[in-house]
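Engineer: Quick note, the sequences are listed as chains A and B, same order. Letter by letter, the first sequence follows residues 1 to 488 in this note's numbering. Letter by letter, the second sequence follows residues 1 to 201 in this note's numbering.
Read the hints as simulated data drawn from the structure, not as lab findings. Honestly, I wouldn't trust all of these hints.
So these bits of chain B aren't anywhere near chain A, every CB distance computed over 12 angstroms [as the list claims (entries may be wrong)]:
#	residue
1	T71
2	S75
3	S87
4	G92
5	S103
6	A108
7	R128
8	V169
9	K180
Under 10 angstroms between C-beta atoms, here's a sample of chain B residues computed to sit facing chain A [claimed, not checked]:
#	residue
10	F64
11	S122
12	T135
13	P145
14	D183
15	E184
16	F189
17	N199
18	V200
Glycine included, each C-beta is placed from N, C-alpha and C at the ideal position.
One letter stands for each residue in the lines below.
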Amino acid sequence: MNNSINKIKIIASLGFLFLFVAFLILGTVLNQKAPKSNITKAASENSVDISFVGNAQISAVAGTTYPIAIKIDRLPTTQKIASARIVFEYPTNIFTYQSISYGVGFNKSALGGDGASGNQVTVVADARDSAGNIPDQTTSFLMATINFTVNSNVVSGTSGTFSYKNADIAGENSALTVDKTSPNTQINKTVTVEGTNSSSSSSIQSSSSSISSSSSAHSSSSSSSSSSRQSSSSSSTHSSSSSSVRSSSSSSSSRISSSSSSSGNRDQSSSSSSHSSSSSSSSRQSSSSSVASSASSASSSSSLSQTAAQIILKLRFQGIITEPGDTTPQNVKVSLVNNDGENLNRIIESTFLAGGDGTYKGTVVFDPIDTNAKYYIYVKGPKHLQKKFCDASPQLNTQGFYNCSKANISLIKGENVFNFSKVKLLSGDLPEQGNVQNGIIDAYDLSFMRSSIANNVYSKTCDINLDKKCDWQDWSLILASMAEKYDE
Amino acid sequence: MEKKLGSQINKTHPIIIISIGVILFLMAIVLIFTRRALTDQIANNSQVNQQTISPIIKPNIERFGKLDISTPATSVVSGQDVTVVISGDSIGKEIVGYDALISYDKSALILQNAKSTIVDFSLFKFDRSAHLSLTSVKNLNSKTPTVLKDTPMIELVFKTTKSGAFPIVIQSDIDKESTKMVDEKTNVFYPNLSSIMVNVK
Numbered sequence: 001m002n003n004s005i006n007k008i009k010i011i012a013s014l015g016f017l018f019l020f021v022a023f024l025i026l027g028t029v030l031n032q033k034a035p036k037s038n039i040t041k042a043a044s045e046n047s048v049d050i051s052f053v054g055n056a057q058i059s060a061v062a063g064t065t066y067p068i069a070i071k072i073d074r075l076p077t078t079q080k081i082a083s084a085r086i087v088f089e090y091p092t093n094i095f096t097y098q099s100i101s102y103g104v105g106f107n108k109s110a111l112g113g114d115g116a117s118g119n120q121v122t123v124v125a126d127a128r129d130s131a132g133n134i135p136d137q138t139t140s141f142l143m144a145t146i147n148f149t150v151n152s153n154v155v156s157g158t159s160g161t162f163s164y165k166n167a168d169i170a171g172e173n174s175a176l177t178v179d180k181t182s183p184n185t186q187i188n189k190t191v192t193v194e195g196t197n198s199s200s201s202s203s204i205q206s207s208s209s210s211i212s213s214s215s216s217a218h219s220s221s222s223s224s225s226s227s228s229r230q231s232s233s234s235s236s237t238h239s240s241s242s243s244s245v246r247s248s249s250s251s252s253s254s255r256i257s258s259s260s261s262s263s264g265n266r267d268q269s270s271s272s273s274s275h276s277s278s279s280s281s282s283s284r285q286s287s288s289s290s291v292a293s294s295a296s297s298a299s300s301s302s303s304l305s306q307t308a309a310q311i312i313l314k315l316r317f318q319g320i321i322t323e324p325g326d327t328t329p330q331n332v333k334v335s336l337v338n339n340d341g342e343n344l345n346r347i348i349e350s351t352f353l354a355g356g357d358g359t360y361k362g363t364v365v366f367d368p369i370d371t372n373a374k375y376y377i378y379v380k381g382p383k384h385l386q387k388k389f390c391d392a393s394p395q396l397n398t399q400g401f402y403n404c405s406k407a408n409i410s411l412i413k414g415e416n417v418f419n420f421s422k423v424k425l426l427s428g429d430l431p432e433q434g435n436v437q438n439g440i441i442d443a444y445d446l447s448f449m450r451s452s453i454a455n456n457v458y459s460k461t462c463d464i465n466l467d468k469k470c471d472w473q474d475w476s477l478i479l480a481s482m483a484e485k486y487d488e
Numbered sequence: 001m002e003k004k005l006g007s008q009i010n011k012t013h014p015i016i017i018i019s020i021g022v023i024l025f026l027m028a029i030v031l032i033f034t035r036r037a038l039t040d041q042i043a044n045n046s047q048v049n050q051q052t053i054s055p056i057i058k059p060n061i062e063r064f065g066k067l068d069i070s071t072p073a074t075s076v077v078s079g080q081d082v083t084v085v086i087s088g089d090s091i092g093k094e095i096v097g098y099d100a101l102i103s104y105d106k107s108a109l110i111l112q113n114a115k116s117t118i119v120d121f122s123l124f125k126f127d128r129s130a131h132l133s134l135t136s137v138k139n140l141n142s143k144t145p146t147v148l149k150d151t152p153m154i155e156l157v158f159k160t161t162k163s164g165a166f167p168i169v170i171q172s173d174i175d176k177e178s179t180k181m182v183d184e185k186t187n188v189f190y191p192n193l194s195s196i197m198v199n200v201k
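Make a model of the complete structure from these sequences and hints.
Structural biologist: Below, the structure written as structure tokens:
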């Protein structure tokens, strides 16, 4: 009796096992036939990716401008974005909110509501024109740039996180969502304070000048004179081979005033510019503008003393030979490359202040540095081509050019003062979407300049010589820069 | 009775062994199916990734207007010059500037001259290592609207140095540069592009 019960149990167990396996097979087969990819695609067609563009290291110096741009990847949706309200959180222990500048194709929404509140900052962008139409949009673009300044009490090593919170995005046909699962989406961006906190506490105003937002229209008084200076009609051809740097072009405005003095425990530049004068009264000139630093984990090849170097640079922008009419501090990117060609991710943006002699002075900090290495210093102005410097005291050749190939700049711990003002930084790489430069002078830069001048529309972007006008002088300067066209 | 039961139990042993064998067989089939499904899924995923990532690397730019490249003589004798004309159509838009990137075999064709054939446009040429970069802008004092309708824009003259068939291509993007047109409102648009083959005998 027991045996027959056991037999039944065994057969029943086997039956259950058979059924289990049969269901497994059936499930697998059905699973294979299910249109998984379609489901995924359907979900992502109504979504966009969002990410941040900005340095991971920020200057410890109070007042330094820190811009962070909001990048939207529209793929794979085919819809254009009509409007967007996106909320972010930012580290208030590091930053003070300053402003939002909207990218090309977007404006601040008429509904308002953008700006900061508590630890949140809201971007409210609208792409529609007055007729309600949405202009063409590229698949990937910078929607807006949020500008912060660094707080006065931050210390090196402080970290904070900038993070995406939520968004209401209207596509041209339906609502869009942010695809948080996309590898292109960046929910958080951590920034770290690096460098020395020096005492330049005056609030330095952001000098960003987005192309989309042209500021007040000044009537240009010089358009009438342009015809006499421009080559008239008939096509002309200019050619260049792209290596040498011009330092010849000029424009003139005649405001000569007091100027600056630079001090440091090691002035590696031997002589000053011929335009410089030497009184020391300008209060605006008195403090170093900002110190930025980097913290690349990569270290240079030699292992000896890697210490912080404060580099004080004196620069000259093309077309500015005396104190400019517009004395807004200028954002300059400086990078340090060692003689092995390693950039070490050391690109630092800092504000430079105008002096009475038309030069600009600012400070950057690189930490650590190798005091035994030889470096190149690359400098890129806010509307300028990048220039490479190999020498502590660069000298122009007989043609008035400076170019170099061998790194020959040594750095010491502490202050390093370099006078690069003999070499003009050529203008023409104007900021575009989200205040980003593309490293070349292209048809966009030339056309923007031309349209501004031809239509008598003033903006900081087209005012190359900072005389508060966009006129034939600026046009001449950008044409002169076409001898170079590319960043070095 | 005990003997009978014992023999019944002994008879069930082969059934159990066979059943276990069948189950193992079925489980093996399940495993094979599962593996195949996983492989397919990975393949699908990689396809999806390619679909989403590749356009980001090389975005599908919406094209507007066109740049055509042509030559009066598609066949020349080595050593002779060949003239190439680039024409444009801006579909009603008024153009104030453009960039054009031209790639060609520099060992076979040597650029002799490049000039703008549109009056009032200045042309800047940059002979890069692998391509020719052309940037053009309308003169500041020009008031004449420039709307391209199969309008010759650029004339290039190359000297041929060896025989063979050599393409001359208007490229969309090279490094940071792109072929584009800019209208009077500073709107940038990217035209459709073309290429030609030059036969050198």
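Engineer: Taking the shortest Cβ-to-Cβ distance between V169 of chain B and chain A, state whether it exceeds 12 angstroms.
Structural biologist: holds, 19 angstroms
Engineer: T71 of chain B: least C-beta distance to chain A exceeds 12 angstroms?
Structural biologist: For T71 of chain B, whose nearest Cβ neighbour in chain A is about 20 angstroms away, the distance exceeds 12 angstroms, so it holds.
Engineer: Going by Cβ atoms, does S87 of chain B stay more than 12 angstroms from chain A at every point?
Structural biologist: Non-interface label stands for S87 of chain B: nearest chain A Cβ at 15 angstroms, farther than 12 angstroms.
Engineer: Checking hints one by one. Is N199 of chain B an interface residue toward chain A, by the C-beta closer than 10 angstroms rule?
Structural biologist: violated, 28 angstroms
Engineer: Quick check on F64 of chain B please, does its C-beta sit within 10 angstroms of some C-beta on chain A?
Structural biologist: holds, 8 angstroms
Engineer: Does the claim that S103 of chain B lies off the interface hold, with its Cβ farther than 12 angstroms from every Cβ of chain A?
Structural biologist: Check passes; 17 angstroms lies beyond 12 angstroms.
Engineer: Are all beta-carbon distances from K180 of chain B to chain A longer than 12 angstroms?
Structural biologist: Not fine: 6 angstroms to the nearest Cβ puts K180 of chain B too close to chain A.
Engineer: A closest beta-carbon separation below 10 angstroms is what the hint needs, so does S122 of chain B meet it against chain A?
Structural biologist: This hint holds: S122 of chain B lies near chain A, its Cβ roughly 5 angstroms from the closest one there, short of 10 angstroms.
Engineer: Report holds or violated for the interface hint on F189 of chain B, using the least CB-CB distance to chain A and a cut-off of 10 angstroms.
Structural biologist: holds, 8 angstroms
Engineer: Going by Cβ atoms, does S75 of chain B stay more than 12 angstroms from chain A at every point?
Structural biologist: holds, 27 angstroms
Engineer: According to the definition I'm using, a residue is off the interface if its beta carbon is farther than 12 angstroms from all beta carbons of the partner; does A108 of chain B meet that for chain A?
Structural biologist: About 21 angstroms separates A108 of chain B from the closest Cβ of chain A, which puts it past 12 angstroms; holds.
Engineer: Evaluate the condition: distance from the CB of G92 of chain B to the nearest CB of chain A exceeds 12 angstroms.
Structural biologist: Given that every Cβ of chain A is farther than 12 angstroms from that of G92 of chain B, nearest at about 15 angstroms, it holds.
Consistency with the previously given hints fails for numbers 7, 9, 13, 17, 18, ordered from lowest to highest.
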